[in-house]
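Protein chains in written order, with our numbering: chain A, 53 to 426; chain B, 53 to 426; chain C, 53 to 426; chain D, 53 to 426.
Hints were generated in silico from the structure; no laboratory data involved.
Note that the structure is a prediction, hence the values are computed from the model and not measured.
Keep in mind that a hint or two might mislead.
[Unchecked claim] The calculated lysine-lysine pairs, modelled on DSBU-like cross-linking and capped at a C-alpha distance of 30 Å, are:
1) D:Lys205 / C:Lys173
2) D:Lys344 / A:Lys332
3) D:Lys205 / A:Lys332
4) B:Lys184 / B:Lys70
5) D:Lys332 / A:Lys379
[Claimed, not checked] Some, not all, of what chain A presents toward chain B, calculated at C-beta under 7 Å:
6) Ile124
7) Ser125
8) Met128
9) Gly132
10) Arg133
11) Met142
12) Asn143
13) Gln145
14) Ile147
15) Tyr321
16) Thr394
17) Asp396
[Stated by the list, open to error] So the derived label-pair ranges between C-beta atoms look like this:
18) A:Asp183 / B:Leu320: 47 to 57 Å
19) A:Leu423 / D:Asp382: 29 to 39 Å
20) C:Ser425 / A:Asn281: 56 to 66 Å
21) B:Asn327 / D:Glu395: 49 to 59 Å
22) D:Glu395 / C:Tyr321: 29 to 39 Å
23) C:Lys308 / B:Glu260: 28 to 38 Å
24) B:Arg133 / A:Gly77: 20 to 30 Å
Just so you know, even glycine gets a beta-carbon here, dropped at the ideal spot from N, CA and C.
Protein chains: 4
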Amino acid sequence: MKNEQLTVHALSEIDNLKVHGRTTGLLSPLTLFWTGSGIELNVKGSELWIEVEAQYDQYEAWISILINNVPISRLMLTEGRHWICVFRGMNDQHIKNVRIVKDVQPMSEDAHCCLQIHAVKCDGQLLPVEDKPYKIEFIGDSITSGEGIIGAKSEEDWIPMWFSAIHNYTRITADALNAEYRVIAQSGWGVLTSWDNKPHANIPAYYEQVCGVLTGEANESLGAFDENNFAAWQPDVVVVNLGTNDNGAFYSPEWKDETTGRIYKQRLYDDGSYNEEDLKAFEVAAENFLIKLRIYNRNAHIVWAYGMIGIPMMPAIYRAVDSYVQKTGDNKVSVLQLPNMTEDTVGSRSHPGALAHERTADELSRYIRELLSL
Amino acid sequence: MKNEQLTVHALSEIDNLKVHGRTTGLLSPLTLFWTGSGIELNVKGSELWIEVEAQYDQYEAWISILINNVPISRLMLTEGRHWICVFRGMNDQHIKNVRIVKDVQPMSEDAHCCLQIHAVKCDGQLLPVEDKPYKIEFIGDSITSGEGIIGAKSEEDWIPMWFSAIHNYTRITADALNAEYRVIAQSGWGVLTSWDNKPHANIPAYYEQVCGVLTGEANESLGAFDENNFAAWQPDVVVVNLGTNDNGAFYSPEWKDETTGRIYKQRLYDDGSYNEEDLKAFEVAAENFLIKLRIYNRNAHIVWAYGMIGIPMMPAIYRAVDSYVQKTGDNKVSVLQLPNMTEDTVGSRSHPGALAHERTADELSRYIRELLSL
Amino acid sequence: MKNEQLTVHALSEIDNLKVHGRTTGLLSPLTLFWTGSGIELNVKGSELWIEVEAQYDQYEAWISILINNVPISRLMLTEGRHWICVFRGMNDQHIKNVRIVKDVQPMSEDAHCCLQIHAVKCDGQLLPVEDKPYKIEFIGDSITSGEGIIGAKSEEDWIPMWFSAIHNYTRITADALNAEYRVIAQSGWGVLTSWDNKPHANIPAYYEQVCGVLTGEANESLGAFDENNFAAWQPDVVVVNLGTNDNGAFYSPEWKDETTGRIYKQRLYDDGSYNEEDLKAFEVAAENFLIKLRIYNRNAHIVWAYGMIGIPMMPAIYRAVDSYVQKTGDNKVSVLQLPNMTEDTVGSRSHPGALAHERTADELSRYIRELLSL
Amino acid sequence: MKNEQLTVHALSEIDNLKVHGRTTGLLSPLTLFWTGSGIELNVKGSELWIEVEAQYDQYEAWISILINNVPISRLMLTEGRHWICVFRGMNDQHIKNVRIVKDVQPMSEDAHCCLQIHAVKCDGQLLPVEDKPYKIEFIGDSITSGEGIIGAKSEEDWIPMWFSAIHNYTRITADALNAEYRVIAQSGWGVLTSWDNKPHANIPAYYEQVCGVLTGEANESLGAFDENNFAAWQPDVVVVNLGTNDNGAFYSPEWKDETTGRIYKQRLYDDGSYNEEDLKAFEVAAENFLIKLRIYNRNAHIVWAYGMIGIPMMPAIYRAVDSYVQKTGDNKVSVLQLPNMTEDTVGSRSHPGALAHERTADELSRYIRELLSL
């Protein structure tokens, strides 16, 4: 039976729309760049649909749907514009909180990868969504992108299917603290270089932009490279979970810039220890990132949270943070070791699984609760 | 980028198709009646799609997708015929085990509710799926249908969204035992009557049919009322999880057959105890069901497994089983109390949640392992 | 440094003494018969000692000490009269709740086994111990005696060291319900016979006596065979955890009464099933035990709780309870299946370990909470 | 029945005696100084006793007894010389592994506190105890002394009863790694000062001695202040769990040396941050301790493991370790953050409880396993 009461609302017309994640502010349509970004609605009605559009050369889109904060659907979005039914047949007098969440990170290797929301369709009212009392920003790599949370341990393909924004420590931590959150994360990237020594594949260089890790004209015209509006969303806590790929660079082959011919490589000494100069470069990069983070986040507690895949860079991270604190006197910056994943908590692609993310969220939320004196 | 290598295969053309659940045997298309039913494929290729078709007046369809035995997607299927992408971009040399599973029970109240699979589309080979060494049939009510496994505790709407075949004790038990399984279950139904005293809403009356709990000409023409082909699939174990609604009938209003004017009601005495005659009727129905089960399942261990929402009918169940065993000498029939759900394990709609199903699967699989001397 | 403030108080002189477990009422000294029996004191003072006396031919005594409901010591008591220091050096202004608990069952095979408490010695006041709102009596065999809770899995000796009253489901259940409790339990005994077919080794025959499972003149003169004062302690719940040894009798050699020459044996048919007549004898014994229990416990809920080492006798137990309820109309009698021990929860001597007892206490306390409408 | 076969063996006469913990080497009697120290025997016999002697002004002794690596008894030892029965009535053909373990730290405030073992008595043979493949030394404060593992959360008295060497992360970690272990730990002490600013109450100053934290002539004559025989026991891993009290000193009143009039105080700035100079003093002390540790433990991995009661000193610890590593090139020194105790895992006296110690052992043993490439 067709529901004749459904009315289409372009996102730009919805007063009570709540948008999560860094975006350009444009709603016609809304482009979702980062994992964990999405929209939130309070719907008093029996039925709800959303109109989404996915484009890509290689990496399709995935979204999760949460109703009253519980995941109820997760699906691949193939190319094109689709109307997706979120719920139907529900009591039209009850208010349903709905979140549509991008489950996958921005794809820096696929210049045509894009997920947008155009409109919603429902037979009732869209009521205000209350603001949460805290805001947290998470900055990271594949761990924070949720790579490997989904799928069998044996999975090895690098595909969007294995990513999750939902069973991710970012969401679980934010939920535990009743906080809004945003995620800036890119698999393989680091503070100084990527795991394979690419010097541009570092998060700090693109931090000011809405989603600077992307490339291509299409993304440019979507506003991905615009300066982010930091004033509009000032976090109480910034969590930086970087360093794992910077360590990887020491163990990976060099990367050659084909344009300049220059070769990039984080080196080890013959005895297997880190080359001092290269390690120092990482520390300087980390310290500089803290300086940049403080510029854009004036009052936030900054927590360098590291350790879900081992702690080899921890001494260097402590040195970097220490140096920053000594020089600036800024004592709202600290380091937290996260629980290492174990055989029991590993997911697919040798990355932390859902249990590892739960354990991290447990420790991290406890730590942040103390920082915020909750 | 479009994959030009994709080839469509009608289900009926696939040699290595494995169908789960009671069906008519027809594959053009394959109608999925029961929760937990579906298809299984071993795919050597990079991309796979399925063509599904959903029809309904009221209750839409939901499916889950498992890859290498891990759930990776769960989605609503709205009316019409849809191509759904299962995976893409995977290593085409690896074999992926894929299961497409109906997440919702047959809807006896919606005569036009129907889920079918027409075809698959892929760019590789469909290889044989190995048979599992054991077969289990689960017979039950809303608990076994997985009502309430999904969703917030506060959810009250009776809609397909809250059902799950995946986080269900049936699947978890079967997996633990490396067994194939089928589910015959219907929310609200009992051994003698439904929770609201409807005399026809009893599972035993329809056991012989492929899916006799359905109604309407459409279902008839699909073969739902045909005799099931028991010879083709003989279970090693039959689990009967019924009795919860038969207890409910004692506490619910009478039901009047508007045609005959006859009134049906399981009665309580004034002191709150069960009316002896009515309780006896339940016991007779239970005993007769065992007789019927044995007719169709000659060698199976039959386990009456009960207790996930309390154990008030347990004495009557024991009496019924006892009486059956005494009369027949058939000692492959036993009773097992399942763990009661608790505040910590309840799901939505006051039904057992995912944790309750896990605990039940734990106990039940241990019990069955002993029965089968594993 | 010797504490010069210590004063000796014979138990009989202590107004605020609380005695746990079935005893004769005599306090000069107090004889502790059953596992879980003991004394409880509220001590406002810095130091406390107790004077205990142990006698035995074979089986030494063990006690546990709890302070503020936490076990802090467990020790063997060898032959003779000993002063044991319970605590010293504590803040003399705080009130400490102290329990001295017999960790071992009465030893029916050792007529000279005896544990007594003579006196306490302290430097402060003994204050009133508040009564708990509920009373529970547990009746059982080795499981309820706590055999195997302590010790490595590989232990096989039948010695007191492996028994525990503390990590026992009886104590954990009572604590969870804020109830006082008593234990009547004897390893190897059953409802009808012991595991090895001894007809006298049945709990029901001795239920009326303070501790009739004992033998010998010494025990007689201590009052072990006196009629228990049921009026003085009426439980709200009686838990019967028997049947495991009655099942064992079917699989054990016959027992010959050397005096009469009569042979006792619970028989199996050739196909391995229970001999009907012998199983019936068990059922009659169980039913008669319920009749006796009701005589002495007029208002208690009686729960036959069974299953920690398998459930083979469950049908017979259900029949017995059913028959009793049918005949008497007494509907405060019910059956509960307890969680079976697993490889992970087994203790020493192939008996349930501490984890198995915790799981049972979890289920049992939830069930009793409902019975008592808590 | 008295066992007539018992023979007394002075410790010094036992060939197969295994002594755990730092001792002087003397066996007539054996003085046990440190928590976790004790003796280990493999006994083929039915009965075993030990002769112990306790002396003290204030703090009585406590021991735990383990049979086949499972704790079976824990008891207070009051003043004087006592024969304690360890087991009796066991199968005399089986070999029992027995450990007698001191459950309490050396008491630096009680110059007459002393626990000694004189002899054992048994009716069988004492067989060789196999060496374990690894050796671990743990150095710490109250956390490592196991303060607060036993007892109710509300307990506040500072008494030996609340200490445990058994449910301690030291034992659990060593067991998980199949390692021998020793503990050097003292409640309230630090790297630089105690929690209350006493400059002498630092572990490093006494590290070379058998048990230099003690005082008095009695201890001197027992050899407590002798140089430890490091050559005889070289650990594979040294775990340093210090820093918690050094942090406390910043928040505690000053300490005045009454002899010199000098005042000691770790200071905070007005804004609540650490005084730079005082924090630096801690770092220097930590670095110097590493230098000393390396002198005495040539090949050990040294792990500074910290965090069970918060991580405020972690940056300083990292700086100290870093500085040491930079200067020496010794890269077998690392830092590990331990899991913080939580409301669920706290024990008595606001210290980590048994669950907190288990979690720490879990993380620490995993970390050490990697260090040792196990």
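Results of checking the hints against the structure:
1. In summary, the hint linking D:Lys205 to C:Lys173 is supported, as the alpha carbons are separated by about 26 Å, within the 30 Å threshold.
2. For the hint pairing D:Lys344 with A:Lys332, the CA-to-CA distance comes to about 28 Å; that is within 30 Å, so the pair holds.
3. The straight-line distance between the Cα atoms of D:Lys205 and A:Lys332 is roughly 47 Å, outside the 30 Å bound, and the hint therefore fails.
4. Note on B:Lys184 and B:Lys70: the hinted pairing holds, with a Cα-Cα distance of about 11 Å set against a maximum of 30 Å.
5. A C-alpha spacing of about 16 Å is found between D:Lys332 and A:Lys379, which places the hinted pair at or below 30 Å, so the restraint holds.
6. The beta carbon of A:Ile124 comes within 6 Å of a beta carbon in chain B, closer than 7 Å, and the hint placing it at the interface holds.
7. With 7 Å as the threshold, the beta carbon of A:Ser125 comes within range of chain B, its nearest partner Cβ sitting at about 5 Å, so the hint holds.
8. With a least beta-carbon distance of about 5 Å to chain B, the hint placing A:Met128 at the interface is held under the 7 Å criterion.
9. Checking A:Gly132 against chain B by beta carbon gives a least distance of about 11 Å; that is not within 7 Å, so the hint is violated.
10. A distance limit of 7 Å between C-beta atoms decides the matter here; for A:Arg133 the minimum to chain B is near 15 Å, and the interface restraint is violated.
11. For A:Met142, the shortest C-beta to C-beta distance to chain B is roughly 5 Å, which falls under 7 Å, so the interface hint holds.
12. The restraint placing A:Asn143 at the interface with chain B holds, with a minimum CB-CB distance near 5 Å, inside the 7 Å limit.
13. At its closest, the beta carbon of A:Gln145 sits 11 Å from a beta carbon of chain B; the interface hint therefore is violated under the 7 Å criterion.
14. Interface restraint check for A:Ile147: the shortest CB-CB distance to chain B comes to about 11 Å, outside 7 Å, so the restraint is violated.
15. Hint status for A:Tyr321: violated, given a least beta-carbon distance of 36 Å to chain B, over 7 Å.
16. Proximity of A:Thr394 to chain B is violated relative to the hint, the smallest CB-CB distance being about 19 Å (cut-off 7 Å).
17. Proximity of A:Asp396 to chain B is violated relative to the hint, the smallest CB-CB distance being about 16 Å (cut-off 7 Å).
18. In this structure the hint that A:Asp183 and B:Leu320 lie 47 to 57 Å apart at CB holds, the actual value being about 51 Å.
19. In this structure, A:Leu423 and D:Asp382 meet the distance hint of 29 to 39 Å, their C-beta atoms being roughly 34 Å apart.
20. Under the hint 56 to 66 Å, the C-beta atoms of C:Ser425 and A:Asn281, about 58 Å apart, fit the expected range.
21. Separated by about 50 Å at the C-beta atoms, B:Asn327 and D:Glu395 satisfy the suggested range of 49 to 59 Å.
22. Remark: the range hint 29 to 39 Å for D:Glu395 to C:Tyr321 is contradicted by a beta-carbon distance near 58 Å.
23. Between C:Lys308 and B:Glu260 the beta carbon distance is about 55 Å. The supplied range of 28 to 38 Å is therefore violated.
24. Look at B:Arg133 against A:Gly77: about 39 Å separates their beta carbons, and that is not inside 20 to 30 Å.
The structure shown violates the earlier hints numbered 3, 9, 10, 13, 14, 15, 16, 17, 22, 23, 24.
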